[in-house]
Each structure stands twice: as C-alpha cells, then as structure tokens.
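We have chain S already, so just place chain C on it with the hints.
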Amino acid sequence: MNIIGPDLLVFGVDDVPACHEFLTAYGLTAREYSPETGGFYDSLDGTGLAIRRRNDPSLPPALKTGSMLRLTVLGVTDQAALDAVAAELRKDRQVLHLADGTMRCQDDQGFELAFQITIRKPLTIEGEKVNAPYHPARPVNALGVTQDMPAAPRTLSHLVLFVPDIETAVNFYCNRLGFRHTDTLGGAGPFLRPQANPDHHTHFFIRTPPYMQGIEHLAFHLGGPTELMLAGSRMMEQGYESFWGPGRHKFGSNWFWYFKSPLACNVEFDADMDTHDDSWAPREAPMGPEASQAFLMQWRAKWAPGGGPKG
Amino acid sequence: MLCRVEDLDEGAARGFEVPGWRAKVIVVRKEGVVHGWRDLCPHYAGGTPMAWKRDAYLNGGRTHLACHAHGAWFDIETGVCVQGACLGKRLTRVPLRIDEAGGVHLDRPPREERP
Numbered sequence: 003m004n005i006i007g008p009d010l011l012v013f014g015v016d017d018v019p020a021c022h023e024f025l026t027a028y029g030l031t032a033r034e035y036s037p038e039t040g041g042f043y044d045s046l047d048g049t050g051l052a053i054r055r056r057n058d059p060s061l062p063p064a065l066k067t068g069s070m071l072r073l074t075v076l077g078v079t080d081q082a083a084l085d086a087v088a089a090e091l092r093k094d095r096q097v098l099h100l101a102d103g104t105m106r107c108q109d110d111q112g113f114e115l116a117f118q119i120t121i122r123k124p125l126t127i128e129g130e131k132v133n134a135p136y137h138p139a140r141p142v143n144a145l146g147v148t149q150d151m152p153a154a155p156r157t158l159s160h161l162v163l164f165v166p167d168i169e170t171a172v173n174f175y176c177n178r179l180g181f182r183h184t185d186t187l188g189g190a191g192p193f194l195r196p197q198a199n200p201d202h203h204t205h206f207f208i209r210t211p212p213y214m215q216g217i218e219h220l221a222f223h224l225g226g227p228t229e230l231m232l233a234g235s236r237m238m239e240q241g242y243e244s245f246w247g248p249g250r251h252k253f254g255s256n257w258f259w260y261f262k263s264p265l266a267c268n269v270e271f272d273a274d275m276d277t278h279d280d281s282w283a284p285r286e287a288p289m290g291p292e293a294s295q296a297f298l299m300q301w302r303a304k305w306a307p308g309g310g311p312k313g
Numbered sequence: 183m184l185c186r187v188e189d190l191d192e193g194a195a196r197g198f199e200v201p202g203w204r205a206k207v208i209v210v211r212k213e214g215v216v217h218g219w220r221d222l223c224p225h226y227a228g229g230t231p232m233a234w235k236r237d238a239y240l241n242g243g244r245t246h247l248a249c250h251a252h253g254a255w256f257d258i259e260t261g262v263c264v265q266g267a268c269l270g271k272r273l274t275r276v277p278l279r280i281d282e283a284g285g286v287h288l289d290r291p292p293r294e295e296r297p
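Chains as they are written, first to last, in the working numbering: chain S, 3 to 313; chain C, 183 to 297.
Excised from the complex, chain S in its bound form (with noise of 0.2 Å):
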C-alpha cells in the first residue's frame, strides 16, 4: 500500500480565535480563515491542519473523550494506490467515496479517516547544514544562524494517538494497510511508518484506558535543529507554554520541543528524523524517561555572563 503518511487533521474545537493565535505563532500559514467558522493551517509542502467550530455539521462524529480529532487525511501516492486501500477497506466496511476525491472510513477504533492522492508539494529550500571539522556542509561566508531566519513548520510529520487497544490498532494498520513498524516503546507502544514514507515514524500508539481515547501530539518537521530551537524559542518569547524539551528523542533521532495549545492535545516542533527501509530489524526499551531521549533541556530567557561581581 503506497501511504505517504498525513496530509490533514482536521479539529472541532470550542475556541476558534484561540487557535488560529496558537497555530499561527506556531508558523503555519492561515487560509480561508474566519472566527466564526474556522481555517486551514498550511506547512510550507501544503500538508498542514483544519480547525472547525466542535458542532460544524460538516465534520464527522465526535469521539465521547472529549478528544477535539475528528478525522485524519492520508495522502497516497497515486490513483492506483487509493483504489488498493479502497479496496482493503471495502472487505469489512463502509467506504464512502466523496465528490472532493476523497475516500472516507473509519479505522478499528471508530477513529475516522479519509484517503486521498498526496497534496505534498515537494519543496526546494534545503535542509540545516553542519559544519563538521574537516567536513564543512556550508559554503564558505555562509552564515549558520541569524536572529530572523525562518523556522517555518514544513510538512506534517506524525501523530501520536491514545487507544484502548494496542493489537487492534496495529492489525488495522500494519495488516491492513502495510505499514512497517520501526521500533516499540515498552508499556507504551509501537512506531508505525506507512510504505512510501521512509520517516521512523508517521503514527505511534499509546497504550490508555477508553475515556482517553483521542489525539495525544501532532509534529510538523523543520528544516533542522536550529529551526526547531529558533522557533520554540519565539513561542517562548511570546508566552505560550512548553510541555517537554528542547531535547533529542532516541528512537527515530528526531529533536523534539512540545508545545501545549488549545486543540487539547500538545503541537510539536520536530526535526532530522531517522529514516528507515525494510531491512530495518525493530528495536523494543521499556517506555521511562531514560529511553525517551538522549538529552532533555529547558528554554530560559537569553542572558550573558558580565557586568562584574554584584556591589
């Protein structure tokens, strides 16, 4: 199955303007946006999210948690790889094929999905280059950072969702769909990437009770660490509240930096993942502070050493 991994997730949410304060800051570009009725919130390939009023009648049901997901859009390759997944689905479920293109069902877990040929527009700006010893990345006169660069999310990395039910998510999307699991946080859960997306992970799992089921995180990628460090830095500056990092996470090697916001789950900055083919042997640690990151730090306002002993 030719999935690339998410193309949209789309919000009902209670508080419009505060979200589109929330997601702005955090570098998505509005469009079609109005307080009464909601937007898009676009990353620099066209991926990116939807926030909708909780009761807009066009969004699919809600889950009971209070979980503000109502639908996740994968993008596929091409014609033929959505007429496979269609095909997949349609063995054991309801299928809807929309007048937009899109092809809508529902996952295992009453999670509501849509398929739909990719909207990733491949981008030309290159990625952080490092200045090794003996290895320069960057020409010469090239300058690393600057106060103003852009940090700019650039497309929709991953989610990470609460289930009640670990095995039938993985059946659902490893049988059904192909995905190819990466690696296993123990007690947790497992690291999913669907097959035409080389990236660690586009889904990972979280073991919970019922009432939790929902959205736990989504991460858009920057176009490396110091982007991710610049733009966690300016929502620091500006106020809003950090929930884990900066650090370094250790399966799938991607920076990491959470932000809390009002589409009740938490936004993350990422940054140089891992990828991985098939020849990839799955790695498993038990799910604790030591193997959720190589490093972990904390943001503090800019400060530098001077001005002489105090009196």
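Counterexamples of contact, computed for chain C against chain S with all Cβ distances above 12 Å:
id: 1; residue: VAL216
id: 2; residue: THR260
id: 3; residue: ASP281
DSS-like mimics (lysine-lysine), calculated; alpha carbons at most 30 Å apart, straight line:
id: 4; chain 1: S; residue 1: LYS252; chain 2: S; residue 2: LYS304
id: 5; chain 1: C; residue 1: LYS235; chain 2: S; residue 2: LYS66
id: 6; chain 1: S; residue 1: LYS304; chain 2: C; residue 2: LYS235
Everything labelled a hint here was simulated from the structure, so no lab data went into it.
Just so you know, even glycine gets a beta-carbon here, dropped at the ideal spot from N, CA and C.
Chain C only, in chain S's frame:
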C-alpha cells in the same frame, strides 16, 4: 499578595509564581468566590503545568479549568477532573485568604519545595 480581587474578572483565571514553589498558583473567580489551585495536572506523576500560554487555564467554553497538554477538564470549584486523561483525580487546592482591602494571599506561608 498574589493579586487583588478586583483584578480578577468573574470567570477568569490567572497564574502566579510563588517564590520557592516549582509550579504557579492558579487563582480563579467563579460566582464571586476566589479559588486557588496548584498549576499541576495530576495526569503524570508529580504534575505538569496546564496553560497553553500565560494565564490561559480555562477551556474553550470557559466552563472548566483545563490542562492543555491533553485536554483534561477540572471543575473550577472542586478541582475534580470530569473529562480526559485524569478522570476522577483532582487538583491540589491552595487555601487563600482575602484581606479587608481585597488583597488575595496564600492562607499559609509557602514551604520551600524541591524542584
């Protein structure tokens, strides 16, 4: 003093640093009564701060205190989680005292906490 009652709109919440405490105190006014809560969501051990930006503690409908990591809702008057990740658990109340001039204070001097 944390703030004055007159600085708190009905139905509004604000967070205040307390020297020596690792998390803020949330002061929230509902039906004229001022409540104090530790800014620590009980979802994870030790608690985590709840606002999505400075002073943004209420849910979108302004009906509950909310943890904006995962959307748990807490009753403003009792601190009990009524929806989400820590269903049935509760926030830690911070007893407050209001002086004759309307100043809002911690009812007891704070003890130092380990970070």
